[in-house]
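Following my numbering, the numbering of the sequence shown begins with 703 at its first residue and continues without gaps.
Please keep in mind that the hints were generated in silico from the structure rather than gathered at the bench.
We put the beta carbon where it would ideally sit given N, CA and C, even for glycine.
Don't take every hint at face value.
Stated by the list, open to error - Pair ranges (Cβ atoms, derived): (1) Ile736 to Gly765: 43 to 49 Å; (2) Gly801 to Asp774: 41 to 47 Å; (3) Lys855 to Gly765: 24 to 30 Å; (4) Asn755 to Ile803: 53 to 59 Å; (5) Lys823 to Lys798: 14 to 20 Å; (6) Arg808 to Asp742: 30 to 36 Å; (7) Lys773 to Leu826: 34 to 40 Å; (8) Tyr775 to Lys830: 24 to 30 Å; (9) Asp766 to Arg843: 24 to 30 Å; (10) Asn755 to Ile854: 24 to 30 Å; (11) Glu851 to Thr810: 48 to 54 Å; (12) Trp836 to Glu811: 31 to 37 Å; (13) Asn739 to Lys846: 29 to 35 Å.
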Amino acid sequence: MNKKFKTFLEISKQLNKYGISPILYGSLGVARLIKVNDIDDIDIIVPDIWLTNNFLKFKKIMGDIGFKQDKDYPHEFNRAKKEGHIGFELKSSLKKDLGVIPKAVRVTEINGIKFGELSAKDYLVIYKKVIRMWEKRMAKRVDKARELEKLIK
């Protein structure tokens, strides 16, 4: 079990105490399915209410295990230990932005700690959407580069 996943379990254990069942997301989640060499941060999805109406309480919950809110990114937290950023996303963004149905998320339990995990199919949908988004952005940049080349010739 890698260090980032241990940190995720520590956070999940704390969140479980408040009835929050987090969903593992991002590269760390993908690493539970395939080999991933570049896990920079920990991405976690939580019910919307905790990042909206109950955010002050959420900050306290995270503070109780040593995490502080990032002043530049409100839904990211850090701790003195070099664990990287802990980013939180709204559960509603799963369906709205990514096309994943939250009810279909598999619940996993490790040492009494409960959390959700996305399937390989869910991650494939997500990664294909991200790739299409980046392809569109790159196509625009390629077009601009071609236009600039015409000016220089």
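Hints and how they fare:
1. Ile736 to Gly765: 43 to 49 Å: For Ile736 and Gly765 the Cβ distance comes to about 34 Å; the hint is violated.
2. Gly801 to Asp774: 41 to 47 Å: Because 29 Å falls outside the window, the suggested range is violated.
3. Lys855 to Gly765: 24 to 30 Å: Because 58 Å falls outside the window, the suggested range is violated.
4. Asn755 to Ile803: 53 to 59 Å: Check failed, 23 Å falls outside 53 to 59 Å.
5. Lys823 to Lys798: 14 to 20 Å: Given a distance of about 18 Å, which is inside 14 to 20 Å, the answer is holds.
6. Arg808 to Asp742: 30 to 36 Å: violated, 24 Å
7. Lys773 to Leu826: 34 to 40 Å: holds, 35 Å
8. Tyr775 to Lys830: 24 to 30 Å: holds, 26 Å
9. Asp766 to Arg843: 24 to 30 Å: violated, 44 Å
10. Asn755 to Ile854: 24 to 30 Å: Check failed, 54 Å falls outside 24 to 30 Å.
11. Glu851 to Thr810: 48 to 54 Å: Distance hint for Glu851, Thr810 holds at roughly 52 Å.
12. Trp836 to Glu811: 31 to 37 Å: Between Trp836 and Glu811, where Cβ atoms are some 35 Å apart, the hint holds.
13. Asn739 to Lys846: 29 to 35 Å: Holds: the Cβ-Cβ distance is about 32 Å, inside 29 to 35 Å.
Checked against the numbered hints given earlier, this structure breaks hints 1, 2, 3, 4, 6, 9, 10; the rest are met.
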